Structures are given as C-alpha cells and as structure tokens.
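Colleague: Numbering (the numbering used here), first residue to last: 3 to 150.
Warning: the hint list may mix true and false statements.
Stated by the list, open to error - Taking lysine to aspartate or glutamate pairs in the DMTMM-like style, the calculated list, with each CA pair at most 25 Å apart, reads:
| hint | residue 1 | residue 2 |
| --- | --- | --- |
| 1 | K120 | E135 |
| 2 | K120 | E130 |
| 3 | K66 | E106 |
| 4 | K66 | E9 |
The hints are simulated quantities; they were obtained by calculation from the structure and are not laboratory data. Remember, predicted model here, so these are calculated numbers, not experimental data.
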Amino acid sequence: MNELSQELSPELREELSLHERQSVIPPGTRLIRQGIVLEELIVIQRGAVEISVPVGERSMFLTKAGAGKVLALRPVLVGTVPEIDATTIEECTVTHIPRQRFLEVLQAHPEMYFAISKVLSADLHTAERLFREIPRTAGRKRNRVLTV
C-alpha cells in the first residue's frame with residue numbers, strides 16, 4: 003500500500019486500480035525530469051529512486067524514496083512541471099496512473115482531497131527538513147531514505 007492509497011477507502015482504491023499499469027524499470031532510468039510535463043502519477047512499489055534538483059549544470063541530491071512513495075502528485079494534480087528529477091538507483095517496480103484518469107476519479111470523489119493534502123503536507127515537511135540539513139550534510143554520503 004502506498005502513502006496515498008492508505009488514506010483512501012477500499013472502494014476508491016479499487017476504482018483507482020482499474021487505471022493502473024505496472025512496469026519494471028531498470029537502474030539508472032530517469033522517471034521524472036525537472037521541467038518536463040508528466041502525464042501520469044508514479045508510485046514506487048519496490049526498489050528505490052534518487053530525488054535530486056538541478057542546480058546550474060549539476061544536480062543536488064536531496065533524498066532517496068522507496069516503496070510506497072507517490073511521485074509527482076502536485077504536478078499531476080495542478081498541471082505544472084516537476085521541480086525535481088527522480089532516477090532509479092536499483093530495479094524498481096512502479097505503478098503508473100494516467101493523469102486524466104486520476105483527475106476524473108478525483109472529480110467524482112472529492113473526498114480524495116483529504117488524502118492528497120496529507121501526502122502534500124508530508125512532502126512539504128520533508129522538503130523543509132532536507133533544506134535545513136543541506137549546510138550540515140554537504141559532505142556526507144547519500145544515505146537518507148524518504149519514508150512513508
């Protein structure tokens with residue numbers, strides 16, 4: 003179960019599952035590219051991805067995300083481009099939900115907004131914590147894992 007679905011009713015989980023597609027993604031694959039429009043919500047089922055932000059010509063590592071993490075919720079929800087890159091660091095099983103189908107289910111079930119707000123709030127809290135740590139962790143290894 004992922005961080006969004008754990009907040010949804012069994013009926014809503016079932017309805018969303020009708021639109022899901024799973025795939026196995028090899029290591030080193032960029033799932034999300036900053037500035038590129040996404041047409042699907044991505045959920046990590048197994049494996050881990052590195053979350054980073056482009057800074058000039060380089061990329062700044064933020065954290066790792068593992069099983070249960072929903073990626074690109076805000077960009078999919080509001081139709082913006084993502085500010086992050088997400089790259090698989092090992093073989094991952096991911097679930098894809100087409101943006102249009104996700105939005106149709108959301109429109110039919112506005113109670114989903116409560117679950118979405120919890121996920122987005124947790125993401126904001128995590129981002130705030132990570133950015134506070136940047137000066138202190140500039141030289142440390144990449145060993146943080148984003149938990150759900």
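Colleague: Checked against the structure, which of the hints given earlier come out wrong?
Modeller: The structure breaks only hint 3.
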